[in-house]
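Just need the whole structure built from these sequences, with the hints factored in.
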Amino acid sequence: MVILLFFSLTFTASIDRTTVPVGESFNVSVIIEGDELSGIGEPEAPGIPGIQILGSSRSQSTQINFINGKLTKSTSLTFDYQMIANSEGEYTIPPFSLKYGGQHYETEPIKISVKKGVPRRNVPPPAVYEDRETRTGEFRNVFLDSDISKSSVYPGEPLVVSQFLYTKVNLGDIQLTSSPSYENVWVENVESPTRLDFSRATINGIAYQRALLKRDILFPLGEKDIKINPITINVLIRGDMFSFFGERKEISSETRTILVKPFPPGRLAEFIDAVGKFEIRADMDSSNLKVDSPFPLRLIVKGEGNISLMSAPKFPETRKLTTYDPESKVSSQVSGSTLKGERTFTYLITPKVSGIIEIPEIKWAYFDIKNETFVTRTIGPWQVRVKPSSEMGGEGETAKINKDISYVLPINGKTVSLMPKFFPLYFLPSILILLISGYYVLEARKIQGDRGYANMKVIPRELKNGFRKLEKEIAGNNPVQFYEDLTRLLLKFIKLKFHMESFGMKKIDIISELRDKKVPEQILPLLQELLERSETVRFTSLKLEKKEMTGDLKTAKEVINALY
Amino acid sequence: MLYISLLMLFSQTSLSAEECYKKGEYSEALAEYEKYLDKGIVSPELYLDIGNCYYRMGNFGESLLYYRRGWFLSPGNENILNNISLFSKEEANPNPFISFFTKIIDKISLRIFSYFLIISFTLLAIAVSIRLIQKVKLINFPANPLLFLCGLFFIFSLLGFSVWFGRVKSKWVVTTETTIAYSGPDEEFKELMRVDEAEEGSLVRRDGGWWLVHFHSGQGGWIDSTTAAMVIPK
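Protein chains in written order, with the numbering used here: chain H, 194 to 757; chain E, 8 to 241.
A hint or two may mislead.
[As the list claims (entries may be wrong)] Okay, the calculated bits of chain E under chain H, using three or more residues with CB under 8 angstroms as the criterion: (1) 60-69; (2) 101-113; (3) 118-132.
Derived by calculation from the structure, the hints in this document are not laboratory data. A virtual CB, placed ideally from N, CA and C, is assigned to each residue, including glycine.
As structure tokens, this is what we get:
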């Protein structure tokens, strides 16, 4: 800010920020202050290369103070120019000029740096002042405002919020009726003065007395925007000529919202919600380790950032080691606009086996605000020697079912096989049963359905039995019975074989019918002769030798063979 | 005399193995237990004890391998089931019928199912024969109910036998610290996942020294066969 003094008139220019992102508007206030400003015109705005003037507004205020018995009056005329720069670079706003009372006034040039960046969202300028100006004008000389260190943050990124009381009048008996409150953040208090300490501050070119009410560091929890709720004070306003003894009023700040940006792509599985800059080290007492006896592994994370909010690095699960959720201790202190300190995570690790065991490396990652990237770090692995537990292997181990492996069981020397030996062979009898019953059923069905087939099945048995019987008759030298049986056998054979009712037929008819059935011709005389001889022997009781009976049996077999 | 000598030898060796185990000398205990295997002795208790030695030595893949071998012989053995549960808990099938059936099957060993199958097949063959003969000859016997009951028994036995036989043919365990599952039977293929020691699954196919496997998670891939072992070797 530059101030030029000529007699009793002050002509100043100020800018609300010296660094702005491309595309974001900023405000240049040109203020004329003096005892008497009647008839004064608007200052001449310079041409500004690379910067565009979006518009301007004019406001005027008159202040009459009665201080120490003396009445003073001052008038302030403010011209606000809203400007915007469309490209990066270092710019100089040339002097504004004013002609008044025959004098020429000029402000000093103002430098501004325009940088690449994201325009602020939902961040009003110190708007309380403007609001009051554009409304009733009431209390415009007293207001509350928040000074916020950043316009947007990542989850977990710290930002400082300072709540100030601004006044241009004398105040008395200031009571805080509503404390500052925030939403979606973790709060670390930096400063809460018990006594207000006023100092000079200029907003939009207007000088105020400013006192800090509270200063906090906020850490966004998640990606929801931060909401800064209004604070309210009850204040006695004194020194106004229209209310000499003062007037009690309640003044509130505005609700403010801070954008919380999502993390850039590339978030890692090992991310422990740490935002800032951190280092890690490990501390472990690995002497005299025993199975089932827990020992501590401490991971100490040191650095600056949201140290109170980070979660524990994940301990890789292994069957050789078990662990539980770690205990954590934090020690931190405010340093500038962030927290510095260290956080200790203590893991109680229980070895489950003896020998050289490797504690696997632990991967973890934090978000580096400065470079806006995730940074991965690893610590470990470590090798430890674990001795067997002195309690292990005892009888008590049997009772450890569902907690540990079961105790060894005695071996009795018996062998248990997975499957019976020669397993497929056990199915053979059943298969045989099935085959036999199947064959039986098929045969039975065929015999039942085909008379010829059935007869053919019967003939061999009949012949076999018949011949056996005839041989017995020969042995017993019983010619009558022999020829009777021979006749029956021949007739039965002819009946079964040729489906003839041979038992009721004459010999001549049988021979004739057999001839019709195209049996070998030369066999028919033999058959006829056999039948006739049989008849003769049966009816004449002719005595025959065994030799003759054997010869007739042989002939009978030849006949049957020929006819079969 | 020979029997008494063998009994004395067994009881002596058993005591020695147990003593070594109690002292925490697991590799010595293991060597003692392996003597039983050399003698051709196989039992769930022996597999359990060998698995325990491997477990205490931190060789979890081998440990689970032997527990599983014991489980195949005696699936209802509480000690073996407890030790297997330290490694994995197989989730029940969401289908209540299959879950119920699996629970029943898991209580009966392959050996018992083999006997069931032999008995049920014999009974079924008899019932079928009677029923067939009844078609051609009058036999006063309730063949149909018998056939139905024998058929049910046979189906149950066959299902149980098939499930266990499938397990015997396919179940494997990772025996190295870790192995990698690839998309094809070579290290040149895409790496799908890292599989830890004592993971288990079922074998689908072999291709040279590579196995196409299924994991319990439902995922699959090719693993180097030297990093895993079949629970029941060929």
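Here is what the structure says about each hint:
Coverage of a stretch by a chain is defined here by at least three residues with a beta carbon nearer than 8 angstroms to that chain's beta carbons; for the region 60-69 of chain E and chain H the count is 5, and the condition holds. Using a Cβ-Cβ cut-off of 8 angstroms, 0 residues of the region 101-113 of chain E lie near chain H, which falls short of the minimum of three, so the contact claim is violated. Requiring three or more residues with a Cβ within less than 8 angstroms of a Cβ of chain H, the coverage given for the region 118-132 of chain E holds, as 8 such residues are present.
Checked against the numbered hints given earlier, this structure breaks only hint 2.
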